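Trainee: One letter stands for each residue in the lines below.
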Amino acid sequence: MSAGQITILLNQTKSKSKTDLDHIYALLYQEIKAVAQNQLAHVHNNNTISATVLAHECYLKLLQTENPNHQDRKHLLNYLAKAMRRFLIDQIRSKNRVKRKGSLRYEVSQILGADDVEINVIEIDRLIDILAEVDAHLAELFEQKVIFNFTFKELADIFGLSERQVIRQWNQAKTLILTLIENQDGSE
Amino acid sequence: MDLNKLKQANQIYEALADKTIDEAISQLNTYDNLDQEVITLVKSLITNSQQSSAYFDQKVSQHYQPQLNKTWQAGDQIGGYELMELIGQGGMSMVYKAQRIDSETQKPVAIKIFNLPNQSPELKARFQAEQRILSGLSHPNVIEFHHGENTPQGDSFIVMELIDGGLPIDQYVTDQKLHRKDIITLLIQAADALQYAHNQLIIHRDVKPSNLIITHSGQLKVLDFGIAKLLNPNNLAPDKQPAKTQAQNTLMALTPSFASPEQINAQDIDVSTDVFSLAAVAVFLLTGQLPFPKNRMLTACADDETHVRKLLKTHVQDQDLRNILSQALHQDRTLRYGNMFAFKEDLSAWLAQKPVSASKDSWWYRLNRFAVRRTALFTTSLLLLTTILIAVIALSLQNKAIKNEAKKAEAVKNFMLDAFSVTDPNVSQGVDLSTRDLLRLSANKMSVDNGMDPVIKFDLYLALALANGQLGYYPEAIALLNDALTLQPNDEEATALLAQYLFNAGQIQSVNKLLTQTRETDFRSSSHQSAIIRVRANVLAQAGQYKQALTQFDRLKALKTTDMDSIKNQALLAEIYFLKGDSSRSIELLEQLKIKHPLPETDVLNLSLNSDLAQYYDRVGNYSAAMALTQENIKAYRKILGDDHPDLGVAYNALSAFQWLDGQLDDALVSAEISQEIFRKRYGDSSEGLSQSHGNAGMVYYYQNNHEAAIKELTLAADMLAGIFGKDHPETMNAKYNLATILNASGQPQKALPIILHMYQVESDTLGKSHRSTLYTQQSLALTLANLEKFEQAIAHGKECTELITQNFTEEADFINHANSVMGKIYFMAGNHELAIEHYLRHINGWTEGNKNNHAHSLNQLAMSYQSIKQFNLAAKFYQKWTVLLAQIYGETDVKYLAGLLDWAEAAHHMNHIDQANTLQRQVQSILTENDLNLPDVQSRIKQLSR
Chain A
1 MSAGQITILL NQTKSKSKTD LDHIYALLYQ EIKAVAQNQL AHVHNNNTIS ATVLAHECYL
61 KLLQTENPNH QDRKHLLNYL AKAMRRFLID QIRSKNRVKR KGSLRYEVSQ ILGADDVEIN
121 VIEIDRLIDI LAEVDAHLAE LFEQKVIFNF TFKELADIFG LSERQVIRQW NQAKTLILTL
181 IENQDGSE
Chain B
1 MDLNKLKQAN QIYEALADKT IDEAISQLNT YDNLDQEVIT LVKSLITNSQ QSSAYFDQKV
61 SQHYQPQLNK TWQAGDQIGG YELMELIGQG GMSMVYKAQR IDSETQKPVA IKIFNLPNQS
121 PELKARFQAE QRILSGLSHP NVIEFHHGEN TPQGDSFIVM ELIDGGLPID QYVTDQKLHR
181 KDIITLLIQA ADALQYAHNQ LIIHRDVKPS NLIITHSGQL KVLDFGIAKL LNPNNLAPDK
241 QPAKTQAQNT LMALTPSFAS PEQINAQDID VSTDVFSLAA VAVFLLTGQL PFPKNRMLTA
301 CADDETHVRK LLKTHVQDQD LRNILSQALH QDRTLRYGNM FAFKEDLSAW LAQKPVSASK
361 DSWWYRLNRF AVRRTALFTT SLLLLTTILI AVIALSLQNK AIKNEAKKAE AVKNFMLDAF
421 SVTDPNVSQG VDLSTRDLLR LSANKMSVDN GMDPVIKFDL YLALALANGQ LGYYPEAIAL
481 LNDALTLQPN DEEATALLAQ YLFNAGQIQS VNKLLTQTRE TDFRSSSHQS AIIRVRANVL
541 AQAGQYKQAL TQFDRLKALK TTDMDSIKNQ ALLAEIYFLK GDSSRSIELL EQLKIKHPLP
601 ETDVLNLSLN SDLAQYYDRV GNYSAAMALT QENIKAYRKI LGDDHPDLGV AYNALSAFQW
661 LDGQLDDALV SAEISQEIFR KRYGDSSEGL SQSHGNAGMV YYYQNNHEAA IKELTLAADM
721 LAGIFGKDHP ETMNAKYNLA TILNASGQPQ KALPIILHMY QVESDTLGKS HRSTLYTQQS
781 LALTLANLEK FEQAIAHGKE CTELITQNFT EEADFINHAN SVMGKIYFMA GNHELAIEHY
841 LRHINGWTEG NKNNHAHSLN QLAMSYQSIK QFNLAAKFYQ KWTVLLAQIY GETDVKYLAG
901 LLDWAEAAHH MNHIDQANTL QRQVQSILTE NDLNLPDVQS RIKQLSR
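Chains as they are written, first to last, in this note's numbering: chain A, 1 to 188; chain B, 1 to 947.
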């Protein structure tokens, strides 16, 4: 991928059509895959890599190649987060399919950990979508913190807010997510 | 879920975000027209906003990060141990069974490995805290902690005691099919452990069934002080936050089924949180269901109380237990038990109080032990054994050995004072409740002193148990002895004491259990051996198995014993004979014993012997001797125990009974009043002793012909006993019987009949027709029937009864004789005066000692009978005898005597003995004048007769 390609795409398509968005995600997805493979190559049998680390690595790589300005950085992250989520979900789902030749050589468990975690990832993914309907901004903030594990300072930077505001919003997002969790099955 | 509602809720929540929870909720409550669901959501948001990030991590963030850096498996090595198998898994840790690598002999342990994501300093701090907490705790019911470490890779783990084959308490309860009492007994162990922790300023905060493990031997261990918090934040170095923030940093259980409302609402925690949770576990174990509704987190526990109350009502029959648990589960902390000690106390008291099931044996035991408990009017005072027995001995079945040298108790008290430097608030000459409180305090403190050498601790427990036992506080003594036996199982002395106290406290089932497990032949000390044998014999005798009891007694003879033991052995033998019905032998034994082994007046044993002897005297009808001994005891009690001691009340009850038997009616009332005051002071408005004194007062009023007052007192007594023992309990029935008797006598036989009939049936069934009690009841029944003019039935019963008495109680002249007076009464009422006279004469001629009132009554009746069959001279003769006796009993200026004279005068008129009549009237008049008596009723009666 050429430098800045994705960013240009992001900027170009202000009112993005679905095809455009798909294209962007496809590019990002590729990036993620590449980074993942790279990381896993360095990993022991028993060890895992974390999704967060993966996401972070991707982001760093993209920062370098894309070199976005501040505004674009935010967009980039946004899309990357969504792409990442999709990537993870795909990993989980493919695990249950019959193994196809030449497809994923690594198992999700190597990225995420134990089995029951996978279920929760799918769950949380869904919750983020629901949260987005209640408050889009909080959902975005939440997504980025959770997936990239940014510090509050970094998030403040990304979103152009004060750290205090970010913390407050993070708490709000957390609260809503917890409420969503409770109100779904009534237990736990 | 409706997202629009959530949006709305979110908006409201944001508006309230700056307020405290209380303010926010009050504000929320002021909004009108809000959808209920929206309100619920807002509350949920408010609650969730209090969750810490650690909680959130657990639920969300962690899923994007690996749980373990390394997965531990069997075969792995850690810190010098080899992991054998996974035995448990929690949210933050995994527990393995492990074996020390370089040692084959060391027992396997449990190792808890924490999987802490590197990014969580909070969890790491928690781990360190847990280490610190656990290392400070040492208690038999708290899991033993060895040490904690970090591996080079940065994994944290702790090594602890392995409970191999232990089960969580809910599983144990189900598997063993435990009953209420056993469940509560187990939970008391947990309460002990938690109380201990509280004394170390540690609150557990996660009390739930999976944290209460029962070992193979049935011992309970509390686990997982993982989220426990130290009250004193200074003890937790890195976490110098005040309690409130600490609470906010709680890692909430994922299913808070047992958490307290303050935990759920993230408020301040105190020790009552653990009380709450333990009570919640109790409800779960007793009912098989979770105590609270599922949505309690959302409703901020609003429905908790109603839910659990309903649950208790349907599943737990016992009112007392329900009350205890309800109190512990109050939403409002200030209404709960303030601490674990209070909760435990009530549970223990509940355990102890529940009497051995009213099996035939125990009934029989009580009835026989205090054989006749009648204060019936139609019977001689033989039957008044009731009061005497009850008063002097019965009540003290609980407190049998109470009368102990205050000196010894004082010595123990001083020892405790020295040992624990507690100031004694009340140095009185008597041994009073403050000593009791002191003893309890000492026991409590002791369990905290984990630095104490277990041998010394054992001795102290024993000493405390003895002190409590001597003061008659058996439940406490028993608990202490059980503690002692945990330290040194099978200790002879402790076992012997335990057997005695269990017996004294009436816990026959427990005694039998203990006796089955005890092999006293292996004991080294013959004193302890005899103690056990004596308890065996006693239990057998009480159950009516005299032969076996005596067989046991024979074993005693073979043992070399101290003087003390010899005395106790003889006392036991006397008791056995008494129960067999051979009281004269008992008397012989004890009288000889007192000569052979004279004891100081205030010696415990002496008082005890006196009590027994009084009982035996009474049984054979030697009331003066019985009374004398009782008065001696009273003096001694005062000396030792002071003026307020409840046993003094007991003694006064006895004295009161003797007094009114003897005709000293006013004195009897005074004694009853004294005892009432003592009992009210000590025990409040309802107690056995109090009911007894009311019963006595009732009897006195009856004899004073104040039927209304009599009925009032006796009803009070009966009601009190019904409240204490239950309405069909022998004690209650007794009191009702007395009431029935008075009802009878005051002209309400129709009310009395059902009561007496019921008693008779019950006694015939349980005791047999020839039992003393049954026979007395039968007599009353006969009289009641006669009162109701059912003469045929009355006579039938009367005859049968007399015959049975004559057959079965040949040695007891007074008993037989009394039957005569009963028959006389029946015939009199039936109008068959010849037979009435016949029986009355027999009665009077056979009368030696006893109820003078009754004797007088017979004389009166005789006179009236003769009058009816027109044998006027004989009638006059007996009127005279009667009035003379009245003068003897009550004195010449007493209204009863004067009334008696006037009755005679009236009769004389009818018999046409006009001169006699006039003489009598003049006699009465002069007594009035000479003594300046103001008796208007008597006066007017004289006037009437003069016309």
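These are calculated hints, taken from the structure and not from any lab test. Among these hints, one or two may not hold up.
Simulated restraints, written as ranges between beta carbons of each label pair [as the list claims (entries may be wrong)]:
hint, chain 1, residue 1, chain 2, residue 2, range
1, A, 123, B, 103, 43 to 49 Å
2, A, 151, B, 135, 56 to 62 Å
3, A, 130, B, 215, 26 to 32 Å
4, A, 163, B, 175, 33 to 39 Å
5, A, 64, B, 26, 28 to 34 Å
6, B, 215, A, 151, 46 to 52 Å
7, A, 123, B, 77, 34 to 40 Å
8, B, 85, A, 123, 30 to 36 Å
9, A, 157, B, 140, 37 to 43 Å
10, B, 215, A, 163, 33 to 39 Å
11, A, 130, B, 85, 37 to 43 Å
Here are some of the chain A residues that sit facing chain B, going by a computed Cβ distance under 8 Å [stated by the list, open to error]:
hint, residue
12, 69
13, 133
14, 134
15, 161
16, 163
17, 167
18, 175
19, 178
20, 179
Fair warning: this is a prediction, and the values are worked out from it, not measured in the lab. The C-beta atom is built at its ideal place from N, Cα and C for all residues, glycine as well.
Trainee: A separate judgement is required for each hint: does it hold in the structure or not?
Mentor: Hints, verified against the model:
no., hint, in the structure
1, 123/A - 103/B: 43 to 49 Å, "47 Å, holds"
2, 151/A - 135/B: 56 to 62 Å, "35 Å, violated"
3, 130/A - 215/B: 26 to 32 Å, "48 Å, violated"
4, 163/A - 175/B: 33 to 39 Å, "56 Å, violated"
5, 64/A - 26/B: 28 to 34 Å, "54 Å, violated"
6, 215/B - 151/A: 46 to 52 Å, "48 Å, holds"
7, 123/A - 77/B: 34 to 40 Å, "36 Å, holds"
8, 85/B - 123/A: 30 to 36 Å, "31 Å, holds"
9, 157/A - 140/B: 37 to 43 Å, "57 Å, violated"
10, 215/B - 163/A: 33 to 39 Å, "52 Å, violated"
11, 130/A - 85/B: 37 to 43 Å, "42 Å, holds"
12, 69, "28 Å, violated"
13, 133, "6 Å, holds"
14, 134, "5 Å, holds"
15, 161, "16 Å, violated"
16, 163, "15 Å, violated"
17, 167, "10 Å, violated"
18, 175, "4 Å, holds"
19, 178, "4 Å, holds"
20, 179, "5 Å, holds"
This entry does not satisfy hints 2, 3, 4, 5, 9, 10, 12, 15, 16, 17, going by the numbered hints stated previously.
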